[in-house]
Every structure is written in structure tokens, then in C-alpha cells.
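K.L.:
The sequence shown begins at 2 in the working numbering and counts up one residue at a time.
Hint data in this document are derived by calculation from the structure and do not stem from the laboratory.
The beta-carbon is built from N, C-alpha and C at its ideal position, and this holds for glycine as well.
Be careful, since some hints might not be right.
Quick list of the computed label-pair ranges, beta carbon to beta carbon [as the list claims (entries may be wrong)]:
{"id": "1", "residue 1": "M2", "residue 2": "Q31", "range": "27 to 35 Å"}
{"id": "2", "residue 1": "D27", "residue 2": "M2", "range": "20 to 28 Å"}
{"id": "3", "residue 1": "G8", "residue 2": "W29", "range": "12 to 20 Å"}
{"id": "4", "residue 1": "S32", "residue 2": "T9", "range": "28 to 36 Å"}
{"id": "5", "residue 1": "W29", "residue 2": "T9", "range": "16 to 24 Å"}
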Amino acid sequence: MADAFTGTAFKGNPAALCLLEDPIADEWTQSAATEPCLPGARPTSCIRRS
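Can you build the whole structure from these sequences, using the hints too?
P.N.:
The structure is reproduced here in C-alpha cells:
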């Protein structure tokens, strides 16, 4: 989880981040973005290292 628009933990707008080592299927990233176990955590970003 990451907090946007703040410098204080647990404040601001929560967002879920997925840090990926390798490319992953679009279907997986779409499923992760709609995962219901993270209430209020939107959007979800999947980031691949380059």
C-alpha cells in the first residue's frame, strides 16, 4: 500500500502497488486491480522494473 498526496503514513489516498520482476498477463493485472480484499484502495498500479 502507498499513500498518495501526503508525507504522513496512513493519511492521504491509499493505493495498492504491485512491483513486478517480469511481464505478466493483462488478465492478471485487471484481476489485481479489482481485488475486493483492499477496501478503499484504488487505484492499483502494476509496475515492472526496467
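K.L.:
Hint by hint, note whether the structure agrees.
P.N.:
Each hint, compared with the structure:
Take M2 and Q31: their Cβ atoms lie about 19 Å apart, and the range 27 to 35 Å is violated. Against the hinted window of 20 to 28 Å, the Cβ-Cβ separation of D27 and M2 comes to about 23 Å, which satisfies the hint. Range check, G8 to W29: about 32 Å between beta-carbon atoms, so the 12 to 20 Å window is missed. With their beta carbons about 31 Å apart, S32 and T9 fall inside the hinted range of 28 to 36 Å.
Under the hint 16 to 24 Å, the C-beta atoms of W29 and T9, about 32 Å apart, miss the expected range.
Comparing the model with each earlier hint shows violations of hints 1, 3 and 5; every other hint is respected.
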